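K.L.:
Residue numbers (UniProt numbering), protein chains in the order written: chain V, 1 to 439; chain X, 1 to 255.
Think of the hints as simulated: they come from the structure by calculation, not from any bench. Bear in mind the structure is a predicted one, so any value in this text is a computation, not a measurement. One thing to keep in mind: the hints can contain errors.
Restraint-style ranges between C-beta atoms, simulated for each label pair [stated by the list, open to error]:
| hint | chain 1 | residue 1 | chain 2 | residue 2 | range |
| --- | --- | --- | --- | --- | --- |
| 1 | V | 383 | X | 206 | 37 to 43 Å |
| 2 | V | 383 | X | 117 | 30 to 36 Å |
| 3 | V | 90 | X | 118 | 55 to 61 Å |
| 4 | V | 90 | X | 111 | 41 to 47 Å |
| 5 | X | 186 | V | 169 | 27 to 33 Å |
| 6 | V | 113 | X | 136 | 42 to 48 Å |
Heads up, simulated DSBU-like pairs for lysine-lysine below, C-alpha to C-alpha not over 35 Å straight-line [claimed, not checked]:
| hint | chain 1 | residue 1 | chain 2 | residue 2 |
| --- | --- | --- | --- | --- |
| 7 | V | 435 | X | 226 |
| 8 | X | 18 | V | 435 |
| 9 | V | 351 | X | 108 |
| 10 | X | 239 | X | 165 |
| 11 | V | 56 | V | 334 |
| 12 | V | 56 | V | 197 |
| 13 | X | 18 | X | 226 |
| 14 | V | 197 | V | 375 |
| 15 | V | 400 | V | 364 |
| 16 | X | 65 | V | 326 |
| 17 | V | 400 | X | 165 |
| 18 | X | 14 | V | 85 |
| 19 | V | 343 | V | 326 |
| 20 | V | 364 | V | 375 |
| 21 | X | 108 | V | 400 |
| 22 | V | 28 | V | 9 |
| 23 | X | 100 | V | 326 |
| 24 | V | 85 | X | 139 |
| 25 | V | 435 | V | 326 |
| 26 | X | 100 | V | 351 |
| 27 | V | 420 | X | 100 |
| 28 | V | 351 | X | 221 |
| 29 | X | 139 | V | 435 |
| 30 | X | 239 | V | 400 |
| 31 | V | 400 | X | 221 |
| 32 | V | 85 | X | 230 |
| 33 | X | 14 | V | 400 |
| 34 | X | 165 | X | 230 |
| 35 | V | 364 | V | 140 |
Output of the computed footprint for chain X on chain V, the stretches with three or more beta carbons under 8 Å from beta carbons of chain X [as the list claims (entries may be wrong)]:
| hint | segment |
| --- | --- |
| 36 | 33-40 |
| 37 | 409-420 |
C-beta: ideal position from N, C-alpha, C; glycine also.
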Amino acid sequence: MSTETIDLKTKLITDFHARESVMNGEAKSAFHQKKRAAIAQFDELGFPTIKNEEWKYSNVRDLISASYNFNASDTLSADDLVDLKMPEQAANILYFVNGHYNAALSTMVSSTDQIIIDSLQNAYKNNPELVNSYFDELVKDDTDSFTSLNTAFAHDGVFIHVPDNKTVEHPVILRFVSDSRQENIGSQPRNIIAVGKNAHVKIAEAFRTIGEQRSFTNVVTEINVGEEAGVEYYKVQNESENAYHIGTTQVRMLEKSHFYAATVTLNGKFTRNNLNIVIDGEHCEAYMYGLYFPDGTQHVDNHTVADHRKPNSESNELYKGILRDKSKGVFNGKIFVRPDAQKTNAFQSCKNIVLSTEATMYTKPQLEIFADDVKCSHGTTTGQIDEEALFYMRSRGISKPEAMSLLMFAFCADVVSQIKIDSIREYLENVIAEKLSEK
Amino acid sequence: MLSINGLRASIEGKEILKGINLEIKPGEVHAIMGPNGSGKSTLASVLAGREEYEVTGGNVIFDGKELLELAAEERAAEGIFLAFQYPVEIPGVTTINFLKTAVNEIRKYNGQEPLDAARFLKMVREKAKLVSMNDSLLKRALNEGFSGGEKKRNEIFQMAVLEPKLAILDETDSGLDIDALRIVAEGVNSLRSPERSAIVVTHYQRLLDYIVPDFVHVLYKGRIVKSGGKELAFELEEKGYDWIKAEVEAEEVNQ
Ligand SMILES: Nc1ncnc2c1ncn2[C@@H]1O[C@H](COP(=O)(O)OP(=O)(O)OP(=O)(O)O)[C@@H](O)[C@H]1O
Ligand SMILES: [Mg+2]
Numbered sequence: 001m002s003t004e005t006i007d008l009k010t011k012l013i014t015d016f017h018a019r020e021s022v023m024n025g026e027a028k029s030a031f032h033q034k035k036r037a038a039i040a041q042f043d044e045l046g047f048p049t050i051k052n053e054e055w056k057y058s059n060v061r062d063l064i065s066a067s068y069n070f071n072a073s074d075t076l077s078a079d080d081l082v083d084l085k086m087p088e089q090a091a092n093i094l095y096f097v098n099g100h101y102n103a104a105l106s107t108m109v110s111s112t113d114q115i116i117i118d119s120l121q122n123a124y125k126n127n128p129e130l131v132n133s134y135f136d137e138l139v140k141d142d143t144d145s146f147t148s149l150n151t152a153f154a155h156d157g158v159f160i161h162v163p164d165n166k167t168v169e170h171p172v173i174l175r176f177v178s179d180s181r182q183e184n185i186g187s188q189p190r191n192i193i194a195v196g197k198n199a200h201v202k203i204a205e206a207f208r209t210i211g212e213q214r215s216f217t218n219v220v221t222e223i224n225v226g227e228e229a230g231v232e233y234y235k236v237q238n239e240s241e242n243a244y245h246i247g248t249t250q251v252r253m254l255e256k257s258h259f260y261a262a263t264v265t266l267n268g269k270f271t272r273n274n275l276n277i278v279i280d281g282e283h284c285e286a287y288m289y290g291l292y293f294p295d296g297t298q299h300v301d302n303h304t305v306a307d308h309r310k311p312n313s314e315s316n317e318l319y320k321g322i323l324r325d326k327s328k329g330v331f332n333g334k335i336f337v338r339p340d341a342q343k344t345n346a347f348q349s350c351k352n353i354v355l356s357t358e359a360t361m362y363t364k365p366q367l368e369i370f371a372d373d374v375k376c377s378h379g380t381t382t383g384q385i386d387e388e389a390l391f392y393m394r395s396r397g398i399s400k401p402e403a404m405s406l407l408m409f410a411f412c413a414d415v416v417s418q419i420k421i422d423s424i425r426e427y428l429e430n431v432i433a434e435k436l437s438e439k
Numbered sequence: 001m002l003s004i005n006g007l008r009a010s011i012e013g014k015e016i017l018k019g020i021n022l023e024i025k026p027g028e029v030h031a032i033m034g035p036n037g038s039g040k041s042t043l044a045s046v047l048a049g050r051e052e053y054e055v056t057g058g059n060v061i062f063d064g065k066e067l068l069e070l071a072a073e074e075r076a077a078e079g080i081f082l083a084f085q086y087p088v089e090i091p092g093v094t095t096i097n098f099l100k101t102a103v104n105e106i107r108k109y110n111g112q113e114p115l116d117a118a119r120f121l122k123m124v125r126e127k128a129k130l131v132s133m134n135d136s137l138l139k140r141a142l143n144e145g146f147s148g149g150e151k152k153r154n155e156i157f158q159m160a161v162l163e164p165k166l167a168i169l170d171e172t173d174s175g176l177d178i179d180a181l182r183i184v185a186e187g188v189n190s191l192r193s194p195e196r197s198a199i200v201v202t203h204y205q206r207l208l209d210y211i212v213p214d215f216v217h218v219l220y221k222g223r224i225v226k227s228g229g230k231e232l233a234f235e236l237e238e239k240g241y242d243w244i245k246a247e248v249e250a251e252e253v254n255q
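Kindly produce the complete structure, drawing on both the sequences and the hints.
P.N.:
This is how it looks when you write it as structure tokens:
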């Protein structure tokens, strides 16, 4: 272990206790007790090394070798956003700059009887019991040290509550911007989403960076999907060449609910996404789509879990990747079918196109099935572009680069077309087309 | 228009084409017949520019150009079209989008402006009607889940849109019902002109009732072993290939 490694860990723990020492009565709150347990767990676990099976192919040494300002002030103005060319549409758009809610940049269009959207900080101020009833509940058993770290420092992010029987017409778009123009920035947003019985909502998290210094985002989102509810959740990452991103999205689904996730990673130095879905009800349907498109020396790691705990539910997973240059991709998909979860259908597929001999894709499906009456399948493919298809297209006059780009766009479309927020889908199509025409 | 001289080609070290000679003049239709595995599709693929085949001898002149030096897409832009024996399924790319890209890439190669969307659509609709191609197929992913007949029809539709100088049809008739066969043949015939030529690979004389060839050739063991007029096709239909095989074997013994 290098001395720097000890430094970031020690520094974070010292920071925690320094903050704690200036708290008054709040230090005794149930909320803070959870944080205190989390920092103790982080202290015990430390940052993962590649000896940890879950981090075997993803080395965080480089990430933790630098220092980051986790308390940077927000100096971003609307003008600074122009260059990011973010798509516009009628939506509830919330900006978080360096992890802090920025009300001036944000717009809310849905009425408060349909959906309650607030920053976590405000929500806690206004209704600590409600927030605390959700906070950490879904991830408290998580043994990932980054999740513990996030819990310990959870301060801001979004709190979303959709009351029973409400269908929210306008989507919620959460824009997380790291402003690393001056220094290395660290941020640890914590999002809590609670969707009531038979309520429906679409939510996107979009991650961007401004500036050339490093950014380190460690985000955790807890999503409660009520009975008969429908949630569409998209995570879109288009960050800088110096952006390090670790994220966990933990989902719990109740009876007859539907949950759709799409995770799209277009750019970023080092990305690790954990998407864990606990299917805790019968007749649920969970969908997980993923797309990653790294180049240069980028690293993208997607870990997913579909944990079937009750009978008669279904999970479907499709992850796709295109890897160029010296990039690396990791896919680890776990499916658990618990003894009670008879009549489970669980399908998983991971398909990759590796365009360079120096790029590498590691895939690991992991099925642990403890019930006997289940239908499960998984498959991974890693290959080059389909030569037959390429020749067919070229024989019609389409040049090789154009044919490749059409084929790859179609490859991505399987995932992108799943995204039901128009502005985000169109934005992704444009960025992907641009990326395809680069080389 | 097309002049094939002593063409030899192999794949994975195995020689398939063993010296093909063929001369096609503008406006002519040549039928190529021959037993399974004799090299008909290989010849078609080599002409269209499939890179897996290694050309080991001979040359091909198309419209005064050394064809074998051009990439597949350049050959298409110069006016060569191959209707595949087994059209490829391309998920996620609609037929219409695919064709639009093809048309405009060819126009670009030939120094023309791209067609605007309205003119392109109008043209495509006309051609679709010509081969009785259902509009709904145009919006579907290229050949994906198409029936065998629909795939073949789609090949002819693409040919009608691209209007090649030399069309090479590799068993476009197999798998077609009688009506579809007539429609496909009509599509091909509507393109016939004093400038356009075609190579029609088929196992059945039936197709040649509709697309009447100027010449019929028999390809066997990588060589054209017999050529004649359209009556040769009738003779083959009636007698099969044994007599030709016998002739070739007798010759081989003599050598
Ligand atoms: N990719 C390949 N690898 C090895 N051998 C091949 C390959 N492609 C073709 N061949 C061989 O070349 C020979 C000629 O094949 P080709 O497809 O040209 O025949 P064909 O005359 O079109 O037959 P058919 O009437 O059955 O369509 C066959 O023996 C075939 O097995
Ligand atoms: Mg053939």
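K.L.:
Does each hint hold? Answer for all of them.
P.N.:
Structure-based check of all given hints:
1. At roughly 40 Å, the beta-carbon separation of residue 383 of chain V and residue 206 of chain X lies within the given 37 to 43 Å, and the hint holds.
2. Between residue 383 of chain V and residue 117 of chain X the C-beta distance comes to about 35 Å, which sits within the given range of 30 to 36 Å.
3. The given range of 55 to 61 Å is broken by residue 90 of chain V and residue 118 of chain X, whose C-beta atoms sit roughly 31 Å from each other.
4. Checked against the hint of 41 to 47 Å, the pair residue 90 of chain V and residue 111 of chain X passes, with Cβ atoms roughly 45 Å apart.
5. Between residue 186 of chain X and residue 169 of chain V the beta carbons are some 52 Å apart, a value that contradicts the proposed interval 27 to 33 Å.
6. Residue 113 of chain V and residue 136 of chain X have their C-beta atoms about 44 Å apart, which keeps the hinted 42 to 48 Å range intact.
7. About 53 Å separates the Cα atoms of residue 435 of chain V and residue 226 of chain X, which puts this hinted pair outside 35 Å; it is violated.
8. About 45 Å separates the Cα atoms of residue 18 of chain X and residue 435 of chain V, which puts this hinted pair outside 35 Å; it is violated.
9. For the hint pairing residue 351 of chain V with residue 108 of chain X, the CA-to-CA distance comes to about 34 Å; that is within 35 Å, so the pair holds.
10. Straight-line distance between C-alpha atoms of residue 239 of chain X and residue 165 of chain X comes to about 34 Å, which keeps the hinted pair within the 35 Å bound.
11. Between the alpha carbons of residue 56 of chain V and residue 334 of chain V the distance comes to roughly 15 Å, so the proposed pair stays at or under 35 Å and holds.
12. With a CA separation close to 39 Å, the supplied pair residue 56 of chain V and residue 197 of chain V exceeds the 35 Å bound.
13. This hinted pair checks out: residue 18 of chain X and residue 226 of chain X have alpha carbons roughly 15 Å apart, not beyond 35 Å.
14. With a C-alpha separation of about 28 Å, the suggested pairing of residue 197 of chain V with residue 375 of chain V holds against the 35 Å cut-off.
15. Restraint check for residue 400 of chain V and residue 364 of chain V: the C-alpha separation of about 32 Å stays at or below 35 Å, so the hint holds.
16. Annotation: proposed proximity of residue 65 of chain X to residue 326 of chain V is violated, straight-line Cα distance about 40 Å (limit 35 Å).
17. Annotation: proposed proximity of residue 400 of chain V to residue 165 of chain X holds, straight-line Cα distance about 22 Å (limit 35 Å).
18. Restraint check: the Cα-Cα separation between residue 14 of chain X and residue 85 of chain V comes to about 56 Å, which exceeds 35 Å; the hinted pair is violated.
19. A threshold of 35 Å between alpha carbons decides the hint, and for residue 343 of chain V with residue 326 of chain V the separation of about 42 Å lies outside it, so the pair is violated.
20. Between residue 364 of chain V and residue 375 of chain V, the direct Cα distance comes to roughly 19 Å. Compliance with the 35 Å bound is thereby established for this hinted pair.
21. With a CA separation close to 14 Å, the supplied pair residue 108 of chain X and residue 400 of chain V stays within the 35 Å bound.
22. The hinted pair formed by residue 28 of chain V and residue 9 of chain V meets the criterion: a straight-line CA distance of about 24 Å does not exceed 35 Å.
23. At most 35 Å may separate the alpha-carbon atoms for a hinted pair to count; residue 100 of chain X and residue 326 of chain V meet this at roughly 34 Å.
24. The straight-line distance between the Cα atoms of residue 85 of chain V and residue 139 of chain X is roughly 31 Å, inside the 35 Å bound, and the hint therefore holds.
25. As the CA atoms of residue 435 of chain V and residue 326 of chain V are separated by approximately 16 Å, the hinted pair is consistent with the 35 Å bound.
26. At most 35 Å may separate the alpha-carbon atoms for a hinted pair to count; residue 100 of chain X and residue 351 of chain V meet this at roughly 28 Å.
27. Straight-line distance between C-alpha atoms of residue 420 of chain V and residue 100 of chain X comes to about 27 Å, which keeps the hinted pair within the 35 Å bound.
28. Proximity of residue 351 of chain V to residue 221 of chain X is assessed by CA-CA distance (about 41 Å); at most 35 Å being required, the pair is judged violated.
29. Taking the CA atoms of residue 139 of chain X and residue 435 of chain V, the gap is about 25 Å. The hint holds against a cut of 35 Å.
30. Between the alpha carbons of residue 239 of chain X and residue 400 of chain V the distance comes to roughly 45 Å, so the proposed pair goes past 35 Å and is violated.
31. Proposed proximity of residue 400 of chain V and residue 221 of chain X is supported: the alpha carbons are some 33 Å apart, at most 35 Å.
32. Straight-line distance between C-alpha atoms of residue 85 of chain V and residue 230 of chain X comes to about 65 Å, which puts the hinted pair past the 35 Å bound.
33. Between residue 14 of chain X and residue 400 of chain V, the direct Cα distance comes to roughly 27 Å. Compliance with the 35 Å bound is thereby established for this hinted pair.
34. With a C-alpha separation of about 22 Å, the suggested pair residue 165 of chain X and residue 230 of chain X falls inside the 35 Å cut-off, and the hint holds.
35. About 26 Å separates the Cα atoms of residue 364 of chain V and residue 140 of chain V, which keeps this hinted pair within 35 Å; it holds.
36. Chain X is given as covering the segment 33-40 of chain V, and this is violated because 0 residues of the stretch bring a CB closer than 8 Å to a CB of that chain, at least three being needed.
37. Figure legend: the segment 409-420 of chain V, annotated as covered by chain X; annotation consistent (5 residues with Cβ-Cβ distances under 8 Å, at least 3 required).
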